[in-house]
Every structure is written in structure tokens, then in C-alpha cells.
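Novice: The lines below spell out each chain.
Number of protein chains: 2
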Amino acid sequence: MGSNDQKNRLQAVCVPPIISSLREKTNKQDMRKLIHSFKVGIALVLVSFLYLLDPLFSQVGENAMWAIMTVVVIFEFFAGATLSKGLNRGIGTILGGGLGCLAAALAQEVGGIGNAIVVGASVFIFAAVATYVRQVPNIKKRYDYGAMIFILTFNLVVVSGIRAEKVMRLARERLSTIGMGFVTCIFISLLVFPVWASDELHDSIASNFEHLAHSIEGCLEEYINATTFTNEKENQPRANFNRCKSILNSKSKDESLANFAKWEPWHGKFGLYYPWIKYLQIGEHLRELAATILSLKGCLQSQRQPPTAQRERIKEPCEAVGSILTWSLRELGESISKMRKCHAGTSIVPKLKSTRVEISSVSTNCKVDHQDIDHEYQDSGLAMAT
Amino acid sequence: MGSNDQKNRLQAVCVPPIISSLREKTNKQDMRKLIHSFKVGIALVLVSFLYLLDPLFSQVGENAMWAIMTVVVIFEFFAGATLSKGLNRGIGTILGGGLGCLAAALAQEVGGIGNAIVVGASVFIFAAVATYVRQVPNIKKRYDYGAMIFILTFNLVVVSGIRAEKVMRLARERLSTIGMGFVTCIFISLLVFPVWASDELHDSIASNFEHLAHSIEGCLEEYINATTFTNEKENQPRANFNRCKSILNSKSKDESLANFAKWEPWHGKFGLYYPWIKYLQIGEHLRELAATILSLKGCLQSQRQPPTAQRERIKEPCEAVGSILTWSLRELGESISKMRKCHAGTSIVPKLKSTRVEISSVSTNCKVDHQDIDHEYQDSGLAMAT
Numbered sequence: 031m032g033s034n035d036q037k038n039r040l041q042a043v044c045v046p047p048i049i050s051s052l053r054e055k056t057n058k059q060d061m062r063k064l065i066h067s068f069k070v071g072i073a074l075v076l077v078s079f080l081y082l083l084d085p086l087f088s089q090v091g092e093n094a095m096w097a098i099m100t101v102v103v104i105f106e107f108f109a110g111a112t113l114s115k116g117l118n119r120g121i122g123t124i125l126g127g128g129l130g131c132l133a134a135a136l137a138q139e140v141g142g143i144g145n146a147i148v149v150g151a152s153v154f155i156f157a158a159v160a161t162y163v164r165q166v167p168n169i170k171k172r173y174d175y176g177a178m179i180f181i182l183t184f185n186l187v188v189v190s191g192i193r194a195e196k197v198m199r200l201a202r203e204r205l206s207t208i209g210m211g212f213v214t215c216i217f218i219s220l221l222v223f224p225v226w227a228s229d230e231l232h233d234s235i236a237s238n239f240e241h242l243a244h245s246i247e248g249c250l251e252e253y254i255n256a257t258t259f260t261n262e263k264e265n266q267p268r269a270n271f272n273r274c275k276s277i278l279n280s281k282s283k284d285e286s287l288a289n290f291a292k293w294e295p296w297h298g299k300f301g302l303y304y305p306w307i308k309y310l311q312i313g314e315h316l317r318e319l320a321a322t323i324l325s326l327k328g329c330l331q332s333q334r335q336p337p338t339a340q341r342e343r344i345k346e347p348c349e350a351v352g353s354i355l356t357w358s359l360r361e362l363g364e365s366i367s368k369m370r371k372c373h374a375g376t377s378i379v380p381k382l383k384s385t386r387v388e389i390s391s392v393s394t395n396c397k398v399d400h401q402d403i404d405h406e407y408q409d410s411g412l413a414m415a416t
Numbered sequence: 031m032g033s034n035d036q037k038n039r040l041q042a043v044c045v046p047p048i049i050s051s052l053r054e055k056t057n058k059q060d061m062r063k064l065i066h067s068f069k070v071g072i073a074l075v076l077v078s079f080l081y082l083l084d085p086l087f088s089q090v091g092e093n094a095m096w097a098i099m100t101v102v103v104i105f106e107f108f109a110g111a112t113l114s115k116g117l118n119r120g121i122g123t124i125l126g127g128g129l130g131c132l133a134a135a136l137a138q139e140v141g142g143i144g145n146a147i148v149v150g151a152s153v154f155i156f157a158a159v160a161t162y163v164r165q166v167p168n169i170k171k172r173y174d175y176g177a178m179i180f181i182l183t184f185n186l187v188v189v190s191g192i193r194a195e196k197v198m199r200l201a202r203e204r205l206s207t208i209g210m211g212f213v214t215c216i217f218i219s220l221l222v223f224p225v226w227a228s229d230e231l232h233d234s235i236a237s238n239f240e241h242l243a244h245s246i247e248g249c250l251e252e253y254i255n256a257t258t259f260t261n262e263k264e265n266q267p268r269a270n271f272n273r274c275k276s277i278l279n280s281k282s283k284d285e286s287l288a289n290f291a292k293w294e295p296w297h298g299k300f301g302l303y304y305p306w307i308k309y310l311q312i313g314e315h316l317r318e319l320a321a322t323i324l325s326l327k328g329c330l331q332s333q334r335q336p337p338t339a340q341r342e343r344i345k346e347p348c349e350a351v352g353s354i355l356t357w358s359l360r361e362l363g364e365s366i367s368k369m370r371k372c373h374a375g376t377s378i379v380p381k382l383k384s385t386r387v388e389i390s391s392v393s394t395n396c397k398v399d400h401q402d403i404d405h406e407y408q409d410s411g412l413a414m415a416t
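Those protein sequence lines, which keep their order, are chains A and B.
Just so we're on the same page, this note's numbering is the position in the first sequence counted from 1, plus 30.
Just so we're on the same page, this note's numbering is the position in the second sequence counted from 1, plus 30.
Mixed in with the good hints there might be a few duds.
Copies of one chain are not kept apart here, so a pair can be met inside one copy or by any two copies together.
Within a straight-line C-alpha distance of at most 25 Å, the following computed DMTMM-like cross-link-like pairs (lysine to aspartate or glutamate) qualify [to be verified]:
| no. | residue 1 | residue 2 |
| --- | --- | --- |
| 1 | K281 | E106 |
| 2 | K58 | D174 |
| 3 | K281 | E240 |
| 4 | K171 | D60 |
| 5 | K170 | E346 |
| 6 | K170 | D60 |
| 7 | K381 | E203 |
| 8 | K275 | E240 |
| 9 | K281 | E314 |
| 10 | K275 | E285 |
| 11 | K170 | D229 |
| 12 | K383 | E285 |
| 13 | K292 | D84 |
By construction, these hints were calculated from the structure, which means they are not laboratory data.
One chain only, chain A, in its complex shape (with noise of 0.2 Å):
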């Protein structure tokens, strides 16, 4: 009892200034994190009211730990990722326990020893074919856990079959608490500070058209000025390439958003028809523009650097094409973020073609930088094309 009280003291004590610590110093990210603990402890606190609670136990029983069970594992960061995981641990739980059923009946009219021998030959059978199929990479991508699930509750009921005769009825208590702990779930993450993945790959496409246009200011800033500050060149550019490079590593996660998103209910300015498939198109170009920015990381940091004097001359054009470039990716980023529709017909191509046709002029004069600003040029024409 004594223990006890003075844990409690302790947690008032100390819980508090820890929060406000946190909460200091941690950005929206963290904040998020933070709110994300708090939900997963409020689900598990409910769910465990299964057991708690006197009335709630007698009607549930031991089977209260699926409940549980369903919480902590399908409890994601994103509502879209608690809702694929939850909707496949539930086709899966129900598909496998079907499939059990019909396997332990089939297994108890054989009886005798036949009876462990075809128990043994079907969970031989369901789990090498589910684990093969969960390998294939579009169902891995999507119906994976759920094969999981099948894999795991075919067994638990073609087994269980053997020592209890109410398979059914233990499937279905079974399944209803896991429904239980399902609902809890989906309640929480998508009611409480729901964070929601479609959100959270648009704002990331959007940002990165802003990230790119940054990067190429930062290698014009730093290719026309290289002569006023050579010294400090290590220290300079690596930012920006980072940038760049944490873009051309975005599509594992973009890819999984992607897929998050596609499971999340109606929300925002599109409800239902986010074009997820665009996102993902517009992603591939953004890391194409990324890998060309990225490759002018070579140049920069070359010892062979053309001359002041040739630099100085083609100083203007190159700030023109910069200027355009980036003002277009800008444009496109902030229509994206937005949502409004970007009229790159009327409003930017014209202006990129008729710088093209200024550097031509210029190109004959200085043809080393003509090359790389081609290549820009031509990847955000891809990256507009989307």
C-alpha cells in the first residue's frame, strides 16, 4: 500500500515536468509521436476493461487476451495502416478460421490416427501455399499481415479442433473480441488527433518541389560565387545535397503512404479520389530531378573550374534560367498544396520556352553550362508533364 502511494507521488511528481520538457522542445513531428503514446495507452487502458471489469470478464472470459492482442499489434502511427492492418487481421482471422473449421471437421470424420495425419497434411499444405503467396510482391505489398493472420488462426482452429469439441463457438467468441479490440482501435485512431498518411504524402510532394528549387539556387549561388568564397566551398553545399538526397530516398516511404492512404476514409478537398497513383508519378520525377541536381554535386566540387572571367560572362543567362526554373517548381509545388488547378499550358511552359531559346543564343558562347542547364530543363518539363 505504502509503495503504492509513493509510486503514485512519484508519478505526479515527475510526469508532468517530463511532458512540458518534451513539449518544449520537441517540433510537430515529436508532438505527434507524443499524441500517437497517449492514444495507444488510452486503447490498451479500454480493452483491458475486459478483464477489469467484473460484468464485462463473465461474458468474454480468457478470450479477452485477443482483444488486447488485436490493440497493440494493429495500433499504427497512421489511421490508413490501423485500418489495412485491422481489416486484414479480420479477413484473414475470419478466412482462416473458416478454412479451420472445414479441415477439422473434415479431420474428425477420418478419427483415429488419420485424424493428426490429415491435421499435420493441412497445416502442411495452407501454410506453405499462404507463405508462398505472401511473397509475391503486390500481395506483399497490401495482404501481407493478413496472410499472417490466415496462416496463424488456420492452425490455432485445425488444431484446437482436435481437443475442443465447440471449435465453432470458440471461433466466434474469438472473433468477437478481436472485433472488440478492432473497433476500439479504429475509434480511437481515427477520432482522436487522427493522423492521416494522405495528408502527409501530399504535404511531402508538395514540400519537395519547394526542397528542389532551394537546392538549385544553393548550385547557382554557389557556382557564380565560387570565386569570392573558396575557402568556406567544403562547408557550404553539403546541406542542400542532403536535401536531395533524402529525395531520392523517398520511395520506399512514399510507396507505403501511398498505400496507407488508399485504405483512409473520405477526407479533405478530394474525399475519396485522391489520384494516388499521379502522387507516386509525380514522386518518380521529383527523385529524377533530384538525381540530376545531385549529379551537379561533381561539378562543383571539381578542381577544374572554368575562369572568372568566362564564369562572370555567363553569369545573367544563368540566373534567368535559374530564376525561371525555380519560380516554375515553386508554381507547380504550390499548386499541388493547394489543390488549385495550375494552368502550366498558359503560365509556365511558354516562359520556359522562351528562355530556352535566350540560352541557345548564349550556349554557342559557353557551352559547359549550357549542358547542365539543359538537363534541369528538361526534367521539370518531365516533372510538369504530370
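Following the hints, put chain B in place on chain A, whose structure we already have.
Specialist: Quick look at chain B alone, frame taken from chain A:
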């Protein structure tokens, strides 16, 4: 009985043709997937014996369920992944179970309604803290699964404490069946046709050198021969760049392989002392080189190409540089693949340097190409520096 016989006969007729046709169609990778599926099936049948055989069932009882669950959940494609998940599960279970017992004992001392309050509070606090810790990137990478199992076990033990008198016995029994599942998995995963993540990473890094060399050759060939088959241009280059793109997107795959590889026991030439961090660094440089090669796509597909005469003039030095670059890459890849010391300082670097001098003399005449070549040169130098 009859339907079962029929089913067995059906299996005897159908399964071998399926397997043999699969074997014909599929390459080595698919064969490995098939073997993995069989291994999972066998492991599950083995743990199912805990249910199926009376002497075993009388020992473990319903807790046999936990052995099945363990096998389904931790058996992964790579041996290292299975080990990592298994050890995570073990540590999570022990920690969660231990702390859960303590909390349950504390709650029982309080008694009455306070009991439920202490249980609820401890569930909330431990779940929230563990969920927050789980989201720290470094912990997420290696111990995410362990943290989840910790939350699950803690919660189950602490709420069961209210109902079951013998929490300790329950915990011990479950732990022992989880141990049986773990041993079964490890035995089959490590001893029956093991698939090592370390070999996979080693081979993939080594072969990426060859892929990049091949891509460079493709680019050069297309650039030099562009005049002879301009019409087929659209069909030609795709394949090369696709390989580059897959290298560009390899970061997350490489990292997870390295993560699994760290758990794998002694094997191969380096035993336990594979320098995984260096593998990841080399992968990083290869991705940079892939980005540079990918950026040439813009040049090759651009409508503005230098006149044929100019192209003819630079053909020879271009080919010379190309061949020294691809030779260097292949040399490096082979030395990694065969784990033999590569004397880059005495064999590769002097050749690259002398080529550099050669290009310098040509470059004043044809600046356009020099810029590109300089990139590649620099990047391959970087890759070599590792």
C-alpha cells in the same frame, strides 16, 4: 472419410505437377521462395505436434498455442531476420513478463478497487512510454518488434494477475512454449537451406558495380552511335536506366539487409567480422554514381545533339575514358565479390590519373563531353575511396 480420400488423391495428382511447373518457370530467386514456404510448413507441423501428440499436450496444455504463434510470427525469409525477431520476442517477453508480474503483485497488495486502478494506470503508463520509445528511429530499426511484444506481454500478464492466482506459473509456461517455437524456427531457418541476408547484401553490392559499368557502356554506345540509329532511340536506353533507378532506390533494402546481417552467426569468409557499415557506405557512393548516370538521360534524349563531325572527333577519347571507367568499376566489384584485396592505389588510380591528363588535352576542343566525363570520373573516384 470418402471426401478426405478424394482430397488426398487430388493432392497426390495436383501438387507435383504444380511444383515441377513452378520449378521449370522460375529462377533461383523463386526457388528460394518455394523452399522458404516448405520450411515454414515443416516448422508449423513440428510445433503442431504439441497439440497433436497426447504426451506432449499433457505437458504444455493450451499454452501450445504460443509456440504456434511464435513460429508464424517470427519465421522470416532471411535467417538473420528470423533470429532478430526471435531474440526481440524473447527479450520483449521476459522484460514485459517480469515487469508485469511486479505490477500485478503491487496491484494485489493494494487490493479492492485500488487493484483495478493500479492495473489500469500501469497499463497506460507502460504502453504510452514504450510506444513513444518505439518511434525513436534507431530503436525502431532494430527493436521495434521487441517493444511491441513488451507492451503485449506486460499488458496480458498484469491484467491476468487479477484473475489468475499463479501469474508466475502462467508466465513460465508461456515462456517455455515460446522458447519451443523459437528453437524450432531457428533450427529450421539456420540449418535447412539457410538464406543469409549477409550473402544477399554482399552479392547485391558487388553486382551493382557491374550493373553501373554496363549502364555507362550503354550510355556511351548510344551517344556515339546515335547518328546511325536515331529512329530506334526511344526503344534502346530504357533498360539501362531502369537498372540505375533500381540501384538508386536500394537504400532501404540495403539497410534492412545490413540490419539482419548483423544478427547472423559465423559464416562465410569474414565470419562475424563483415564490415557492414562499409558496405552501406559503398552502397551510398554507388547510388551517387547511379544518379550521375541517370542525369545523362536528359542529354541523350535531348533533341539538341552536337553535329556528327564533332561527335566523331571525340569518339576515341570518349571510348578510352569509358573503357577505363568500366574496367575500374568491374575490378572493384570483382574484388568485393571475391573478397580479395584490391590494390586500387597501385593498379586503378594511376590509370585513371593518366586518362584524366589525356582528356584534359582533348577537352579544350570539345568541352561539352568533358563535363559529363568529369562527373563520372569523380564519382568513380569517390566509390574507390571507400
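Novice: Find the hints from earlier in the document that the structure breaks and name them by number, from lowest to highest.
Specialist: Hints 5, 7, 12, 13 not satisfied by this model.
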